[in-house]
Amino acid sequence: MSLHSESNQLYFDFVYSDYFNKHSEFKYLLDLINQIDWSAVPEFNNPHVGRTGYSRHSLLKALFVQKVKGFNTRELIHFLRSYPFFSQAIGFNPIANFVPSESTFSSFKKSFDTSLLDDIIASTVKRGIDMGVFDPINLCIDSYPVTFRSFFNNKKSHGKFKYCNEYYNSPLDADFGVKPVSNSKPVYDKHGNQKNSISYLGYKVHTLSFLNVPLFSVVSSASHHDKNYAFPLLNKAKELLNLSGFNFLADAAYDSSDLYDFVHLESESTAFIPLRTSSKKPLVGDCGKPLSLHSHYRETKRNIFRNKYVCDDPSNCPLNKNNCYAYRNFSKDDFRRFLNRDSSSFKKVYKKRTLIESIFSKLADMTNSTSLRCKNAVEVECNLSNLYLIASAFLAHSMGRDDLLASPKTLMYETAVC
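Number 161 in the working numbering belongs to position 145 of the sequence shown; there are no gaps in the numbering.
Quick list of in silico lysine to aspartate or glutamate cross-link-like pairs, EDC-like style, CA-CA up to 20 Å:
no., residue 1, residue 2
1, Lys252, Glu284
2, Lys142, Glu255
3, Lys367, Asp151
Computed beta-carbon distance windows for the label pairs:
no., residue 1, residue 2, range
4, Gly148, Glu373, 21 to 27 Å
5, Thr316, Ser122, 48 to 54 Å
6, Lys206, Asn338, 41 to 47 Å
7, His207, Asp53, 53 to 59 Å
8, Asn336, Ser239, 36 to 42 Å
9, Arg322, Thr293, 18 to 24 Å
10, Gly416, Lys206, 52 to 58 Å
11, Lys85, Arg322, 51 to 57 Å
No lab work stands behind these hints: they were computed from the structure. We treat Cβ as the ideally placed atom computed from N, Cα and C, and that holds for glycine.
Using the sequences plus the hints, can you model the full thing?
Dropping the structure here:
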């Protein structure tokens, strides 16, 4: 190669490097990545044994970019190979063919310890609380569905199958659950009536959040109940973020005495949860007659209080039963019954929960369906989506645009014109 051609190459390298550093898309991605402290994750597994392999920091950053850009794995690999300067900036080298394959990304997500992602989120959020970016006074919880890409989720196949594991040779963590139907995409039964909910095969993502950003996510099979996953999420908030004295906002799916007691006694906070529709209805017997309170007693074995309800007039029972009876259980402290849901203070706090609807809409759009069979891999992707929104909030704050803390797309357009 001549001296003239070498000088031209150096000139073009300089121009491309300058373009890379100032180009809005790459700068935006790197600015987001730099908002996060990745040091909570050890960079290599057993660095003194065998081949070094890919840096776990680099793999996480690549998967983070995948969530920001909305890529699938093949598109991510193509992106990394097409832009070598960016790949080198996050720890890869496509020129030397040092870019992970699909199988590498897949095995990494299956085996990665998600508690390390919790540590990354916790350290980043703590910094945000200290800087005044996040307000920890209100914590919200909700869930959203992630459908598994399968013919089981074809509308024409709904209701024809009960078991999916017999159709798949390898283990599948997903199972059947129920999700609400969007008004923009109505579903009708065979009589032409619009359905309120439909069954689906997939996962359910339970997410704890502030009013403007999500925090931690736990993934379960679709059939699992929402309430059971509030406890591990609240424990993470208590242990990793040292949060207490907050308002806990949830919908009626989390209406449970033991959850109220946990929030009040363990987290030293206040739960704002409306009553389930079923708990407002009077108890009735098998014949449909209302039951009356008979007695109130304490069950020492389970340390709970119970109300027993019986029929007032069993002699006229149309079913010829001696008596119909039913029980309602209450915890020892029973904070659930002490909350006045008709008060102005309850309504003032609970109406703030509507602010998180846009957050969960963004999260559902980023991970609305998946082909991943492993629950751990789905949890990695969902927590990286949370990190994206957290990093976007930090970037908005650093730009003096606190009005865009919960608007990552608008922020991206703002950086494009800067």
